[in-house]
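Protein chains in written order, with the working numbering: chain A, 1 to 137; chain B, 1 to 510; chain C, 1 to 171; chain D, 1 to 634.
Derived from the structure by calculation, the hints contain no laboratory data.
For clarity, every value in this text was computed on a predicted model and none was experimentally measured.
We put the CB at the ideal spot given by N, CA and C, even for glycine.
Do not take every clue at face value.
[Claimed, not checked] Quick look at which bits of chain C chain D covers, simulated, 3 or more residues with Cβ under 8 Å: (1) 86-96; (2) 99-107.
[Said to hold, decoys possible] Label pairs and their calculated CB-CB ranges: (3) B/L192 - C/D86: 53 to 63 Å; (4) C/D86 - D/V578: 55 to 65 Å; (5) B/L425 - D/L547: 42 to 52 Å; (6) D/R570 - B/G366: 24 to 34 Å; (7) C/V84 - B/L182: 38 to 48 Å; (8) B/R108 - D/L560: 35 to 45 Å; (9) D/R553 - B/D371: 32 to 42 Å; (10) A/D94 - B/I13: 56 to 66 Å; (11) C/G82 - A/A89: 17 to 27 Å.
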Amino acid sequence: MHLAVPLVIASALFAIGVYAVLARRNAVLVLMGVELMLNAVNLLLVAFDVYLRDTLHTGQALTLFVITIAAAEIGLGLAIVLAVFRGSATIDLDLLRTLADHDDGPDHDGPDLDAPDADEDHDTTIGRQAQRSGSPP
Amino acid sequence: MSAEAWVLLAMIIVPALGSAVVALVPGPRGDRVARPLGAIFGGITLVLAVVAVLAFDHDAAGTFQLETDLSWVPALDLRFHLGVDGISLPLVLLTALLAFLCLAYTTRVMPKAAQPRAFVAVLLLLEVGLLGTFVALDLVLFFLFFEVVLIPMWFVIAVWGDSTPSSTARSAANTFILYTLLGSAVMVLGFLVVHAETGTFDLVALADGAGAGMARGTQVIAALAMLGGLAVKTPMWPLHTWLPDAHTAAPTVGSVLLAGALLKMGTYGMVRVVLPVVPEGTEVLAPYLGALGVVGILYGSFACLAQTDLKRLIAYSSVGHMGFVLLGISTLTPAGINGALYANVAHGLITGLLFFVVGGIKDRHGSSSFDGVGRALYARAPRLAAILAFAAVASLGLPGLAGFWGEMLTLLGAYDPSSALPRGLYLTLMTLAGVGAVLTAAYLLQTVRRVCQGPIADAAPRRSSLEDVSSIEALAWSPLVVLVVLLGVWPGLLLGLTDPAVATLLGTGG
Amino acid sequence: MTGLDVVIGLLGLVAVGAALMVAVTRQLVHAALWLVVCLAAVAGCFLVLTAEFLAWVQVLIYVGAIVVILLFGLMLTRAPIGPVTDLSRPRRLLAGTVAVAVGAVIVTALLMAFGGATIDLSGAPQGDATTTGTVIFRAWVLPFEIISLLLLSALVGAIALSRASGDEVDS
Amino acid sequence: MTPALAAILVPALAALVGLTALGRSRRAAAVAVGGALVTFAVTAGTAIANVVDGVADSASYGLIPNGTAPMQVALRLDGLSATVAIMVAAVALAVQIYSVSYLGGDPRYPSYAALISLFTAAMMLVVHADDLIILLIGWEVMGICSYFLVAHHWELRDARRAGVKAFLVTRIGDIAFMFGIFGLGLGSGTFRISDLELLVGDDLMAGNTLTVVTLLLLAGVVGKSAQLPLQVWLPDAMAGPTPVSALIHAATMVAAGVFLVARLYDVFLAAAATLAVLAVIAAITMLGAALAALVQPDIKRVLAYSTISQLAYMLAALGVQAYEAGMFHLITHGAFKALLFLAAGALIHVVGTNLLPEMGGLRRIMPVTFVTMTIGLAALIGIPPFSGFFSKEAIFVGAEEAIHDGSAATAWVPWFVLVVAMITVTVTAAYATRLWLLAFFGTRSAPAQPHEVGWTMRGPLVVLATTTVGLGVIGLRNDWFPAWLDRLTFTVEPAGITDLVPAEATLLAPGLVTSIASLVLAAIGAGLTYLSWRRTTADPARLLGRLEPVLDRGFGVDSLYDRVVVRPARRIAAATLVADRDVVGAAVTGSGTVSQRLGAAVRRSQDGDLQRYLTVLLAGTVLVIVAAWTAAGT
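Same shape as in the complex, but just chain A:
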């Protein structure tokens, strides 16, 4: 039997998993994409394990671990998804942008380059210098 066949299958599964992670908007679907990728890896591990006739069966053991970890991951992942859903009533990733570098961030207590009384966006800190001068008599 050719090793190439499981390899191609695994690669295709992995690519599809990547697509799902990158393109799906629903967080649960993204998690499914992750599962696909894990499975692709599992398939590879098993295929190589058999191919190499490994007496320690590293590939299979790792696959077992991956499956276990996948179970743990999915549990935690869904818990997070649920927490997010409770917080913002959606799990649409396009709408979840709290990690964005917002302009109107809430904390400006510390010594920040933007003066807290910055009333104009384009005027930079150093830029304000341009407006001052003693007017010539």
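Fit chains B, C and D to the given chain A structure using the hints.
Same frame as chain A, but now just chains B, C and D:
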């Protein structure tokens, strides 16, 4: 290591300790005792500085004394190397004095935004950095202390500064710190080049080597980087734009320390580091340094002539005065460098005094602009006005006061520059600097005319009479006045210290 | 080309096809169900590769547990029943390109290295329960125990995450 | 303590006490007058010692190390310094006494008196300095005292302006002066004057260099002594109180320029071209200032221009190598010009105005002032037997001698000086007569307080008038004034021992031809003025017609400077501020703005879209791998 070497170490530790103590005393009680405590620590530091002066062997001012030389980071060959010679000793004393006066002044006069604890702690930390810079004999240590100064100064300007219509205290502080940090970054590049070529950071070893082992091109690059970085701090035209804003925004004592001690770090660095470590590179760059210094003299004078705010005016005048210092250094002659060092100290005293007085005027009027201050100060507060006039006269370089000797020796150096330098250029520079000296007199007298003199009816309407010099002001200012006169009539006091050191530096003597 | 090649090829086709449906279907619940098909097909592949124990674990854990949890997740987040048009992002073409490129890179790398290799499946099965059990509890026993710790902490974590939000709802 | 040190320290101490303990007027007056009195006593003692057997001493009190030629805190005492010092001390004493009542009620009197003391100390320093740098200190401190004292009435615009102007204009000269000192000091290797004198015998330095250096020194002289082209400050400086004008702007500080040339006369003698330039400048200034004095309505401005003109006489004398004559005129002029100013001050005090056309008929009300001022004016014109006649004659004779012995570098220079000086005598007589007539004759004035001034003001007048009368005699014998002055020439013996050899003393007696000529010319000037006044009883200056406003404005030099120097400077200043903001500042600001814009652009990609982050990440990884393959493949 000599027996008295602990003095320098103690001089750095005491204010650091003071800073910690002041910051750590808790609660309202801490706020209450902070200012007296700060003055006490400043006083101890000053006493230590005086002890250092007494312990210093004045007959061997050309050599490093009171040295502490401990291994610090052996892996990087860094040493905790401190010491003073005739070049740094006056600056150490000046810094300790100014810091003490500022702390004493603070016991009675606080900037508006209270928090005395933090203010005193920050001032003491600033003193640590300043003193450290002047006694460090290891390039990395020098750089470290050089940087330590910046952060406290940022706080002094940003937190306790006054915003003006044209710039906020915060933005002035930011400009200050960004600009000077950029400068130090460039400077440290120069240090690294030196280390890469010679394999040591030790200033004494480097100075003894006098550039040995470095190719001319490398020296030029290293000198360029170091001069560039130090020139920001000096400040040299056209790298001066942070200065007026920082001064205008800073509270009185901040301005005093900024002008009196901080700016000196730049020129001190040039004399202490650049000149002896990369002599050939300095020689190549000296004419440019001198030319830019003279541009600064003229530029500062002209900018002052049209200035309408007292604090900005003094800030620009600093650009001019430091231009003289740069010209002096660039001549690479004993006279020029002696003059530069003299002008350094004199500028610290005189401009420190000016900022004190103008700060007092600003406190009384709530403004430092000509219009806000009004006229005829002679009539409203005669002593205050008299001290302002005195400081202005000293600042214009009147013979018999401290400002003269630095200026004169600088010009003397430019009259006969080092033989490696183009004499014609330097004669031109000297002449232009002379024109600058006339312009300096012009704007200072114009300022006195605008503020102190004038029809009594034109005095600022709300303030027909003012509180004259208070006792704490008299206490803080009089040492400066006395020293300005003393150094004016007896220049040998200072030149006796610097001259042998400069001779050692240039390899022309003992 | 042996018969086993054909079998695993067909199973692979099923797995890939089901995976594609997972990635593009417009119905959320269908995605989960297609995932079942896909995982089952992968389990079949394991069988072909004589990893019997893993195949059953795959069916039990993945199909039995994980997909159920996913379905719970869909229900708890009020997934709509029926087709939804905006399940994928507007700029999915870019995602597709990247995915294809990733797949291409992997497949190229693998085939360049092992393009002509064949698997010898003769002899005893490589992954029956005896073999796998022996290996796990001899060579891999420490990682195995650590994994159990991981599972425990994941359990605790999941509870903590859900409880924190539960408190909010209560109050 | 040597007399030189005492002469400096006593007034300096008085100034220090006066300035730091700003007490009540009475105490301040006691300190100031006391200080002046002690100073006078010290200098008088020195002068007497000098007359008896000569004094010559030079002592160094310390070195100022600077890495080049040593500067020394050195003071010297010789005939020249003793002579000038006693003049300064005498005028200072007179002025301090006079000021007690002149400014007695002024709340600013204490600081005023202290500044006068400080000025005296500075002038003493100049007179006694044996080191050029030390001399420069006194030189400039005098300038700043002048600034403060001119601006004494700082509520008046003119006074404020004049103070600043006086300082700045002289400072221009002083900077050049400093450069000259550098040249001299570095060229010869010493800043000490007595060492310089020793060196003059050998070649001091190359001729051309010496000429440049001495010309630079001359710039300082021209500034201090208000000669062309830096004369503009002196007339304006009359905004100061009259006693100040008498002391600083007539008798002493402005004479410091002349003194300096005398002090460094050996050096100047070695630079003949410089002396010629000095003579020509002085000659032109002499006549121009006298003409300007002719039309000034302000009595003090008349005297100021007269001062410029008389200083020019002294410098012209030095320019034609009539050293003793120049010094002689310096002394007599110090006496009679101080007298004139103090008398003018008395007039102003009584009438309440400076303007001549508003005075008149004062000879009856103020007989003492009238008499003393008449003496002063007579001396100014050069009428025998008053001192001015002798000293001026000495200058004429000196110029005449220079013509004959051909010692001048350029033959026409002494001729030029002599002719111009003669013409100036006519003009001098004219303006002096005009002042005299307008102030004391006619009947137009209505004084505010129609009585003579008090004794503290009269006393100095009488003393100075007496001096003015008698002083001329001392030039008549060459073993009197010339011997006292005793310009000692240091010569180097072969063994290296220095010795002091008196230069050959000149006789300062008037010459016959020049006396007659100058008297005739003076009579013409005075007569013409008197005739025109008789006919109209109006200001004789009217006769000059359209020339009058030109002269009144001092030939328009002021407005020329205003247009060429002051206004461009102000424009540059304004432009600098703009440039600082829009060019230098904008470059800094610009770099800040650019980096912030760049930051903002990069920041825009951080929009929280995790999937795109991942997409880009993966795409990047793929690209890196492909690139690596490609690289490995080639």
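Next item on the list: Confirm or reject the claim that C/G82 and A/A89 have a C-beta distance inside 17 to 27 Å.
Entry: Holds, since C/G82 and A/A89 (Cβ atoms, about 20 Å apart) stay within the stated range.
Item checked: Coverage of the stretch 99-107 of chain C by chain D, judged on three or more residues with CB within 8 Å -> This one holds; 3 residues, not fewer than the three required, reach chain D with a Cβ under 8 Å.
Margin query: At least three residues with a C-beta closer than 8 Å to a C-beta of chain D: is that true for the stretch 86-96 of chain C?
Written below: That given contact holds, which follows from 4 residues of the stretch 86-96 of chain C lying within Cβ reach (below 8 Å) of chain D.
Margin query: Please check whether D/R553 and B/D371 have a Cβ separation lying inside 32 to 42 Å.
Written below: holds (33 Å)
Check: Between C/D86 and D/V578, does the C-beta distance stay in 55 to 65 Å?
Finding: holds (58 Å)
Checklist line | D/L560 and B/R108 - C-beta distance against the hinted 35 to 45 Å | finding: Cβ of B/R108 to Cβ of D/L560: about 53 Å, so the range 35 to 45 Å is violated.
Check: Is the distance from the Cβ of B/L425 to the Cβ of D/L547 consistent with 42 to 52 Å?
Finding: 48 Å Cβ-Cβ, so the 42 to 52 Å window holds.
Check: Does the hinted range 38 to 48 Å hold for C/V84 and B/L182 at CB?
Finding: violated (54 Å)
Item checked: 53 to 63 Å as the expected CB spacing between C/D86 and B/L192, which holds or is violated -> With a Cβ separation near 56 Å, B/L192 and C/D86 satisfy 53 to 63 Å, so the hint holds.
Notebook entry, point to check: Has the hinted range 24 to 34 Å been met by the Cβ atoms of D/R570 and B/G366?
Noted result: About 29 Å separates the Cβ atoms of D/R570 and B/G366, which means 24 to 34 Å holds.
Notebook entry, point to check: Do the Cβ positions of A/D94 and B/I13 conform to the proposed distance bound of 56 to 66 Å?
Noted result: With Cβ atoms ~59 Å apart, the hint holds.
Hints 7, 8 from the list above are not met by this structure, while the remaining hints are.
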